[in-house]
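Sequence lines, in order, name chains A and B. So the mapping is simple: this note's numbering equals the position in the first sequence, first residue as 1, plus 120. So the mapping is simple: this note's numbering equals the position in the second sequence, first residue as 1, plus 120.
Keep in mind that the hints are not guaranteed to be accurate.
The list treats identical chains as interchangeable, and a pair is accepted whether it falls inside one copy or across any two copies.
[To be verified] 25 Å max Cα-Cα, derived DSS-like pairs, lysine-lysine:
| # | residue 1 | residue 2 |
| --- | --- | --- |
| 1 | K188 | K271 |
| 2 | K271 | K141 |
| 3 | K271 | K243 |
| 4 | K219 | K243 |
| 5 | K188 | K292 |
Honestly, the hints are just simulated from the structure, not real lab data.
Number of protein chains: 2
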Amino acid sequence: MADKINPVHETSDEALGLAAKLLGETKYASLAVNEADTHFPLVSRVAACFSQDTGVFFAASDLSVHSKCLTTDPKCSMMLGEPGKGDGLAYARMTLVAKVERMPNDHERRAQFRDVFLKTHPKAELYIDFGDFGFYPLALQRILLNGGFGKAFHLSAEDLKTLFDDFETYKKRAD
Amino acid sequence: MADKINPVHETSDEALGLAAKLLGETKYASLAVNEADTHFPLVSRVAACFSQDTGVFFAASDLSVHSKCLTTDPKCSMMLGEPGKGDGLAYARMTLVAKVERMPNDHERRAQFRDVFLKTHPKAELYIDFGDFGFYPLALQRILLNGGFGKAFHLSAEDLKTLFDDFETYKKRAD
Numbered sequence: 121m122a123d124k125i126n127p128v129h130e131t132s133d134e135a136l137g138l139a140a141k142l143l144g145e146t147k148y149a150s151l152a153v154n155e156a157d158t159h160f161p162l163v164s165r166v167a168a169c170f171s172q173d174t175g176v177f178f179a180a181s182d183l184s185v186h187s188k189c190l191t192t193d194p195k196c197s198m199m200l201g202e203p204g205k206g207d208g209l210a211y212a213r214m215t216l217v218a219k220v221e222r223m224p225n226d227h228e229r230r231a232q233f234r235d236v237f238l239k240t241h242p243k244a245e246l247y248i249d250f251g252d253f254g255f256y257p258l259a260l261q262r263i264l265l266n267g268g269f270g271k272a273f274h275l276s277a278e279d280l281k282t283l284f285d286d287f288e289t290y291k292k293r294a295d
Numbered sequence: 121m122a123d124k125i126n127p128v129h130e131t132s133d134e135a136l137g138l139a140a141k142l143l144g145e146t147k148y149a150s151l152a153v154n155e156a157d158t159h160f161p162l163v164s165r166v167a168a169c170f171s172q173d174t175g176v177f178f179a180a181s182d183l184s185v186h187s188k189c190l191t192t193d194p195k196c197s198m199m200l201g202e203p204g205k206g207d208g209l210a211y212a213r214m215t216l217v218a219k220v221e222r223m224p225n226d227h228e229r230r231a232q233f234r235d236v237f238l239k240t241h242p243k244a245e246l247y248i249d250f251g252d253f254g255f256y257p258l259a260l261q262r263i264l265l266n267g268g269f270g271k272a273f274h275l276s277a278e279d280l281k282t283l284f285d286d287f288e289t290y291k292k293r294a295d
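Using the sequences and the hints given, assemble the complete structure.
In structure tokens form, the structure reads like this:
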């Protein structure tokens, strides 16, 4: 139960449904990483995607600032859920807390990730096979979900297991 | 000059114009902070605004995760510039690297910040005077600007001085 001191609600089926919906809509995201020398948290926009088989991942060039940061510290978070018109804080969004590292380009599952990525980002075919581009699959730890005013939830590793064990049911729930 | 190894261009008048434009449009932003115990960088959405007198600042409740993180580490970054339809990476955005702390509610300049904030977020009148809400003015150090493919710039403290000394000129340049 949320209250004035702790505004976070207990995870409900509604919260899991909303998380499934936001995951299914993954396209662009705000990625936060740690800058090695300064320890500043840096946020930037990345092209991302999701499937049940691959989980959430993003693509990035080795030349980008965030990729360089991730070579020294795999800790990141990624916010999904873009605001629409009007009050931007009324739109649902969630922060995936995860560790992430670049999948080697010769990884046996690369072709599968490539297919999933191009389904969401067809124009990426122009650059995705360049040697400096790689896929970054998130090893999810927990999710901070904000469904709008008064709708904060913290999804634990256990909640995430529940969600992924029955993903389609939760996703349909929110449609 | 940008090249394959260092894709960052030297700061130009065009870059300063774009930075002025994005600052002037500040409304919602992705804020990254450091989580105290885990050292994960956490990103969330905040309501923000900008004026030449106040600089960039955001409003947040003491109950929010990001506010709690900032009480132990003032280092943050904030991404401005929302994507529109189509290719989200084609839209300009920039990351403000800054230190930030909560302005005390009895600060003599609070009324000025309140006016600026309500001009951008009129509906915030409903909650902005609650005791747990505060303003967080960014002490800017540098800006990582991404104007779209092949348009990366890093604005130094010196570049920012140039920008703010002649803000209106740069802003008009980009209109």
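Evaluated hints:
1. Within a single copy, K188 and K271 get their C-alpha atoms only as close as 35 Å, which misses the 25 Å cut-off; across copies the closest is 18 Å, which meets it.
2. In this assembly of identical chains, K271 and K141 lie within 25 Å of each other by CA distance solely inside one copy; the values are 15 Å within and 33 Å between copies.
3. Taking CA atoms no more than 25 Å apart as the test, K271 paired with K243 passes between copies only; the shortest distance there is 19 Å, against 36 Å inside one copy.
4. For the homomeric pair K219 and K243, neither the shortest alpha-carbon distance inside one copy (27 Å) nor that between copies (37 Å) is at most 25 Å.
5. In this assembly of identical chains, K188 and K292 lie within 25 Å of each other by CA distance neither inside one copy nor across copies; the values are 38 Å within and 35 Å between.
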